[in-house]
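FYI, in full-length UniProt numbering the residues of the sequence shown are 1 to 257.
In short, the hints are calculated from the structure, not lab data.
A couple of the hints might just be wrong.
[Said to hold, decoys possible] Subject to a maximum C-alpha distance of 27 angstroms in a straight line, what follows is the list of computed DSSO-like cross-link-like pairs (lysine-lysine):
#1 K62 / K81
#2 K73 / K167
#3 K226 / K62
#4 K82 / K180
#5 K81 / K70
#6 K81 / K226
#7 K167 / K147
#8 K82 / K70
#9 K70 / K226
#10 K125 / K147
#11 K62 / K73
[Unchecked claim] Computed beta-carbon distance windows for the label pairs:
#12 L127 / P182: 27 to 33 angstroms
#13 I84 / W57: 41 to 47 angstroms
#14 A79 / G131: 41 to 47 angstroms
#15 P59 / D143: 34 to 40 angstroms
#16 R80 / D143: 34 to 40 angstroms
#17 D143 / K82: 31 to 37 angstroms
#18 E128 / T206: 22 to 28 angstroms
#19 C92 / G173: 36 to 42 angstroms
#20 L144 / P85: 35 to 41 angstroms
#21 C92 / R175: 31 to 37 angstroms
#22 E145 / L191: 21 to 27 angstroms
#23 E74 / N172: 48 to 54 angstroms
#24 Y169 / E74: 46 to 52 angstroms
Ideal Cβ positions, reconstructed from N, Cα and C, are used throughout, including at glycine.
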Amino acid sequence: MSELVPEPRPKPAVPMKPVSINSNLLGYIGIDTIIEQMRKKTMKTGFDFNIMVVARWEPIEKYINEQYEKFLKEEVNIARKKRIPDTRVHCCLYFISPTGHSLFLISGWAVVIVYLRLSRIQVRKELEVNGIEFYPQKEFDEDLEDKTENDKIRQESMPFAVVGSDKEYQVNGKRVLGRKTPWGIIEVENLNHCEFALLRDFVIRTHLQDLKEVTHNIHYETYRAKRLNDNGGLPPGEGLLGTVLPPVPATPCPTAE
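Assemble the whole structure, with the sequences as input and the hints as a guide.
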């Protein structure tokens, strides 16, 4: 999988609170068909789902900026669309491989759980030492309720220990997605085994709208202000591509319907 590193974020206008999406619209999201399922289901919630797998950060940064530029050009277009298609990136996932030398020597399931928890603690320490922040940032907690909810996520869940699989196995009379190991089946959606379900709900249910608000109000507005002020080196007052444009009001952030 790819390693995605989000850019540092300036302090912004405060984003909206996390909101819950009607789970009936989302239904069951499996691993093997997640892309196609998400494309169909998210048509109803007003956002697109795409996967970009690369091995370096440069193509990711380039792609993110290209989507900002595309959205900005639509905003400054005189014949502007009533609803601008939003292809901006709202979330980047950074995958850290847990396959240290000791992992393959472990033979007990309980020991694996302990190993993953210790790995989580080590990752947090390294992030702190290197000054790397991850979503949700403390500075964007709006009130005590937000702080309480997000503190629990930051302290108990981050980073998520995720296992994926496209194979089904029979477990206690049920077919489940899982990964077979010498000591048993790791069930992908069993929270006692891994945290895929937590990551799924976090990204596409509980924090979806907040992720979109952060993108629009912070990252995109920073890009937009710099782009319209600098204009690619053109004198102030001139618009993109050398054309003279009037000031343009910011487009409201699209919401999940």
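Now for the hints, and whether the structure bears them out:
1. K62 / K81: holds (25 angstroms)
2. K73 / K167: violated (44 angstroms)
3. K226 / K62: holds (16 angstroms)
4. K82 / K180: violated (50 angstroms)
5. K81 / K70: Holds, at roughly 13 angstroms.
6. K81 / K226: holds (23 angstroms)
7. K167 / K147: violated (38 angstroms)
8. K82 / K70: holds (15 angstroms)
9. K70 / K226: holds (15 angstroms)
10. K125 / K147: holds (21 angstroms)
11. K62 / K73: Satisfied, since the Cα-Cα distance of roughly 16 angstroms is no more than 27 angstroms.
12. L127 / P182: 27 to 33 angstroms: At 32 angstroms between Cβs, range holds.
13. I84 / W57: 41 to 47 angstroms: For I84 and W57 the Cβ distance comes to about 27 angstroms; the hint is violated.
14. A79 / G131: 41 to 47 angstroms: holds (45 angstroms)
15. P59 / D143: 34 to 40 angstroms: holds (38 angstroms)
16. R80 / D143: 34 to 40 angstroms: Check passed, 35 angstroms falls within 34 to 40 angstroms.
17. D143 / K82: 31 to 37 angstroms: holds (34 angstroms)
18. E128 / T206: 22 to 28 angstroms: holds (25 angstroms)
19. C92 / G173: 36 to 42 angstroms: holds (39 angstroms)
20. L144 / P85: 35 to 41 angstroms: The hinted range 35 to 41 angstroms holds for L144 and P85, with Cβ atoms some 37 angstroms apart.
21. C92 / R175: 31 to 37 angstroms: holds (32 angstroms)
22. E145 / L191: 21 to 27 angstroms: holds (23 angstroms)
23. E74 / N172: 48 to 54 angstroms: With Cβ atoms ~52 angstroms apart, the hint holds.
24. Y169 / E74: 46 to 52 angstroms: holds (47 angstroms)
Checked against the numbered hints given earlier, the structure breaks hints 2, 4, 7, 13 and satisfies all the rest.
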